Amino acid sequence: MAKLNTVKALNLALLQEMERDEDVVIIGEDVGVDGGVFRVTDDLHRKFGGKRVIDSPLAEAAIIGAGVGMALYGLKPVCEIQFSGFAFQCFHQFENHVARFRLRTLGRFHVPMVVRMPYGGGVRALEHHTESEEQFYAHIPGLKMVIPSGARNARALLVAAIRDPDPVIFFEAKALYHAAKEDVPDEIETMPIGRAQVARAGTDLTIVAYGTMVRVAKEAADALSTDDGVEAEIIDLLTISPLDRETLVASAKKTGRVVIVHEAPRSFGPGAEIAASIMDEAFLYLEAPIRRVTANDVSFVGFARERSMLPAVPQVLAAARETLKF
Amino acid sequence: MPRTALEPRFQVEYLSILDADGKLDAALEPDIPPDELKRLYRAMLLGRHLDERMVRLQRQGRVGTFAPIKGQEAAQLGSVALLRSQDWMVPSFRETAAMLWRGWPIEKLLLFFAGHIEGSQPGPNQNDLPICIPVATQLPHAVGLAYAAQYRGDDVVVMAYFGDGATSEGDFHEACNFAGVWHVPLVFVCQNNQWAISVPLKKQTHSRTIAQKALAYGFPGLQVDGNDVLAVYAATKEAVDRARAGDGPTLIECVTYRLAMHTTADDPTKYRTTEEVAEWERKDPLTRFTAYMKKKGLHDDGLQAEVEAEVSEAVRRFEEIPAPDPLTVFDHVFAEMPPHLAAQRDLLAARLRDDAAGSPDPPEERPASPPMRGQRNSRWQS
Ligand SMILES: Cc1ncc(C[n+]2csc(CCOP(=O)(O)OP(=O)(O)O)c2C)c(N)n1
Ligand SMILES: [Mg+2]
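Here the protein sequences line up with chains A and B, keeping their order. End of the first sequence = 320 in the working numbering, gap-free, step of one. End of the second sequence = 1082 in the working numbering, gap-free, step of one.
FYI, nobody ran anything at the bench for these hints, they're computed from the structure. Note that the coordinates shown come from a computational prediction; the quantities given were computed from them, not determined experimentally. Fair warning: there could be bad hints in the mix.
Said to hold, decoys possible - Sample of chain B residues lacking proximity to chain A, with all beta carbon distances greater than 12 angstroms (derived):
id	residue
1	P708
2	G722
3	D854
4	E938
5	M993
As the list claims (entries may be wrong) - Okay, the calculated beta carbon distance ranges per label pair:
id	chain 1	residue 1	chain 2	residue 2	range
6	A	F82	B	T765	27 to 33 angstroms
7	A	K41	B	G946	24 to 30 angstroms
8	B	A705	A	I182	43 to 49 angstroms
Ideal placement from N, C-alpha and C gives every residue a C-beta, glycine not left out.
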């Protein structure tokens, strides 16, 4: 057991999986000698060499496209896109191929690849370095979309993603990289992809969140408990797609009130699918309309205005209280 | 400081061995065993005949949109013939002849163009990727395959096909750049058929050749007469040998021509003249190869009837294939079916049962209503 931040925890997952399985290779911009701009691949180049930890030329479509070829051959590439804002340069490879080879060939081929990308705001960064784009991937059949919320689950989910026979888009919240250290066991730990977790048990209200927003949800839930005597249940999705509807519906049935929090813009975002899925199966249990607390439908405005754009505790509290009063 | 020319100076060669008039450059003639020549010739006839048949089947509504290869048989077969079964072939969407050579059954190609996903499934031990429709996007895959082969230390070469239009796409350039930097065992085969639908080569690139683009990425590029099967074969042999020896990738530009329409949905008279087409018909790869085979005493008059029978037989088998089961596709989205897909499959199964039962307006099956809550004073229940 060691106290690790998310960067170190992810690094541990990569290190241990690479030690276990020679088919695991890393490709990306600056992932080798430099260890990645966030140091997630730190020291792996020295340990495993340039053939396995590949400093690729600067071209996202070929990073993902070559990753597809490697995966079809039987390797398990872990590709890094330096920032999720630059994944549109390879988006066609995701939609056209990464997601489709299994179906297209009726299982003759599959694409056991992981694509790691730092995403999200709260770090006072430039345009294209703060956005949340999980909805694009979650919408594509054949892709899995995972977003951990802390060091321990980040490590366990990355191990699971590497071992998954299907492609996993793995978003790492930049704001969480160094946020908090957690106890991470030395021996390899995995978590099932496709399962949400109850991050805080409660009976009066369900708050659905993932990534950085789990922290926001927890702060809001603590305030609700002290100030309003209300116990909120927090569902940490961990996997955006395939969505764990079972856990969501069970919680919604129990509490009858749901607030969804995400950093991505609201319209057509994950909140819409989450709300619709709950309505499908728990409509008659709901005591109030489902509320969404999200970024506005406005693209990047510069970090000087970022605080006003990102969902924060006061908005979550307001939405929760509105829902409770309804 | 003076301006000086950098070494090395770059140079692109053009290779032609058997010209349109059947004249042979004996000094350059590759040493192809008679049996291999016969196989190549038969494959060319088969490719040509299947192409004609496929267009007719499309016109009859028995298959959907099809991209004909007529005129490009030598470019495809002269190159693919150098692969062994452990090597990999990465096609684009106009490689019928190359795919047949690699062992794709004719009826599988028919299935593909008849809209069955089964037509995209390579055989269990077949090292081929399926037809790829987004232009040039298959090229990075070829680089990754070649990298993986090299990583594992396998004796494998990868060959990737694409058109002249594809060389304008970013994926082409990214793939060439990666291939050069990684020094992978890969042969890029460009079928420069002069047209990308209605756009002629001169609007596609201002480069004098496509072959020279390889030089910018640090590996050799060679232009060949793509209608000369001997030249394509000789050039590809060099490239494959180089790849096998660990000397990296090569780009071969086969100068050829699409004699038919872009696809069966296209009308080429809108953008090109009949004179232009006639000029290229004179350079038909099949005509000159037939003359060559006759001169060698390897020509077999019965072959045409044989390939026609082979295609007819395959068409017959294809037409006996029953309608596909819509439900099977759910099994192949992920290794394990997630619950939402299982639910969608069940809904579809119910709809199919209703359709089969012939109900005039099949009701959508709804999920069972959730039980009422009761214990709470819900506003929805009042
Ligand atoms: C990315 C992409 N853009 C556009 C198309 C539509 N399209 C199909 S084939 C084609 C022309 C391709 O030209 P070329 O690469 O020369 O190949 P050819 O058709 O001549 O064999 C176009 C524009 C496509 N399939 N993919
Ligand atoms: Mg073309």
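A quick look at each hint next to the structure:
{"no.": "1", "hint": "P708", "in the structure": "holds (22 angstroms)"}
{"no.": "2", "hint": "G722", "in the structure": "holds (40 angstroms)"}
{"no.": "3", "hint": "D854", "in the structure": "violated (9 angstroms)"}
{"no.": "4", "hint": "E938", "in the structure": "holds (24 angstroms)"}
{"no.": "5", "hint": "M993", "in the structure": "holds (36 angstroms)"}
{"no.": "6", "hint": "A:F82 <-> B:T765: 27 to 33 angstroms", "in the structure": "holds (29 angstroms)"}
{"no.": "7", "hint": "A:K41 <-> B:G946: 24 to 30 angstroms", "in the structure": "holds (26 angstroms)"}
{"no.": "8", "hint": "B:A705 <-> A:I182: 43 to 49 angstroms", "in the structure": "violated (57 angstroms)"}
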